[in-house]
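Enquirer: Here is how the chains run, residue by residue.
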Amino acid sequence: MSSRENILEAIRRNKLEDMLLPSLHFYEHKPEDLLSQFSHTLSGIGGSCRKVHDYEQINAYLAEARGKNSSIINAVEELTGCNINDFFNADAKLLESTEIFIVRGGVAVAENGAIWVTEKNMGNRLLPFLCQKLIIVVEAGNLVFNMYEAYEKIAIDQEGYGVFIAGPSKTADIEQSLVIGAHGPLSLDVFIMENQFG
Amino acid sequence: MNQNVTEHSKAAAQFLKDENRAAWHDETLWFVRAKRDKAAQQLPEWESLREMASAIKAHTLAHLDEYLLIFEAKAKANGVPIHWAADAEEHNRIVYSILEKHKVKNVVKSKSMLTEECGLNHYLENQGVSVVDTDLGEFIVQLRKEQPSHIVLPAIHLKKEDVSNTFHEYLQTEKNNYDPAYLTKSARKVLREKFLTADAAITGVNFALAETGGIVVCTNEGNADLGVHAAQLHIACMGIEKLIPRAEHLGVFLRLLARSATGQPISTYSSHFHRPIKGQEVHIVLVDNGRTQQLGREDFRNSLKCIRCGACFNTCPVYRRSGGHSYHNSVAGPIGSILAPNLDMRKNADLPFASTLCGSCTNVCPVKINIHEQLWTWRQILMKEGYGGFVKKSSMKAMAVVLSNPRIYKFIGKVSRRLMQRLPGLVNNKLNPWYKNREMPQPPKQSFNEWYEKNKK
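Chains as they are written, first to last, in our numbering: chain U, 1 to 198; chain W, 1001 to 1457.
If you're looking for bench data, these hints aren't it; they were derived computationally from the structure.
Just so it is clear, the structure is predicted and the values come from calculations on it, not from any experiment.
Treat the hints loosely; a few may be bogus.
[To be verified] DSSO-like cross-link-like pairs, simulated, lysine-lysine; straight-line CA separation at most 30 angstroms: (1) Lys1384/W - Lys1010/W; (2) Lys51/U - Lys1038/W; (3) Lys93/U - Lys1185/W; (4) Lys133/U - Lys1160/W; (5) Lys93/U - Lys1101/W.
Kindly produce the complete structure, drawing on both the sequences and the hints.
Expert: As structure tokens, this is what we get:
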């Protein structure tokens, strides 16, 4: 018998008593102001969040960054200078010098500051991890209370890959001292777009 | 694996010799436990989340064969082949055969306690494959040729001076620069280069979803993603108990995992892998290595619910004061002490005794494993099977005689009280293990029985 058959057979031999899958029930009260909870949680985990009214405000921010000679990869179509098409198949060596990557996020979770970013959003799976500074644009309407609400709103296998990102990369592996910026981005800025039509 | 292990109590005594370091270890882990408490208390429904998580795991374990088959079919449909390994040896062989097919020379690995359990690094290095552990803590212990001492905080046994010296030796960092930010940045430079040049990435798995055939990997550093996305080949290794039925259940587990582990609301990255990109290959290795046997042990079955958060380590008074290496097992701490005897009773017979049975582990466990009760049950089995050792066995026998015979009990009590009053040196000496780090109590003048006889009116 193969190991596959052996393992399955060994499990069946134990004849475990059936246990019903529990129904999931959550009773915490949704706060009225999701944005302030999200913003508070995000700053607690090393990210920052600002409210904007339209894409022009983000464009102005990017123009300023561009002025400082930053290399920017932009995956948000509605913004000036969206150039992700040039990087769909780029490899890690090419992308390694990316200073800023700006990407659209899906649901954003108030209780833990996590934002769902899919392969379609990012264009290239490496970019949210290889860039030095990550910027995520989230529509205010996509704010949800907790993880349970988040999973209700997304289909995790709709695309080949998706990730909840909560803050910049970090580590406390040396004497429990928190260092922001482990192997991935050194910072995370989130723009919350109030008007989804920009 | 080395069969000549030092017993936990002896290794712990060694650990405690450096008093300052041991005190630091104790306090730092307690601080992590306090952070966990704060995070848990922020969720009013914390206790019901624990109940749900435990019940979801119980259900999944009861139908593990069915869920494994659904998972396999879905993963295959996603273009991800599934391999089945009966034990550590087969797991290592499978991983190497995939690497060999792709002519892989350099592997980057993100944290995976399973590959530690299987001794994969050692195996691959013997085959001429270079493996770099990319979690910062694991990278540090790998450079030092040590094992992780904690499943979430692999280098918690080290001080920044140790890390600085290690990095100075291997990465040529500045001597005596102890700044954690500087040291982290130095490792970042080296490891980002490793990510760019590796041929393959190996990761562990935090959760596998039967319904969609996908896997979820959680890191704070982003090291799993950097490795996987930069390489042509990704091998994910998981124990068969990592399965959960559906995405909605992730909502429960991801709310519990990081809060229990470090007090964070969630890990920085919770990555959901379903299908590889064009040109990339993904393989998943499902490993038994004693898990089906543990599933058959009714008293210990629940230990398979473990999500490897490490909360039981941080709260354990014995772990905090003995360090992870004294457990001589890839998973240390209270949970490791109930998993290890399943794999090798003789070698790990000391571990269930490395506990005060205070029950704190059970209280913090996010999936409600009755850890301290299982430790106690293991003790009974180990004594019955003859793994208790002569001293423990004969002293227990003597105690049973004394406690079951009131006359002997009274007599010995009286004699002992007198002796301890007149000759305290008889018990306050090095031959008495209870005297270590403790003062013996003052013997009372009379026993309770004597007092009661006098005062019963």
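Enquirer: All the hints need checking, so say for each whether the structure fits it.
Expert: Here is what the structure says about each hint:
Using a Cα cut-off of 30 angstroms, the hinted pair Lys1384/W and Lys1010/W holds, with the two alpha carbons roughly 23 angstroms apart. A distance of roughly 29 angstroms separates the Cα atoms of Lys51/U and Lys1038/W; the hinted pair therefore holds under the 30 angstroms criterion. Between the alpha carbons of Lys93/U and Lys1185/W the distance comes to roughly 19 angstroms, so the proposed pair stays at or under 30 angstroms and holds. The suggested pairing of Lys133/U with Lys1160/W holds, with an alpha-carbon distance near 27 angstroms, which does not exceed 30 angstroms.
Of the pairs offered as hints, the one joining Lys93/U and Lys1101/W holds, with about 24 angstroms between alpha carbons and a cut-off of 30 angstroms not exceeded.
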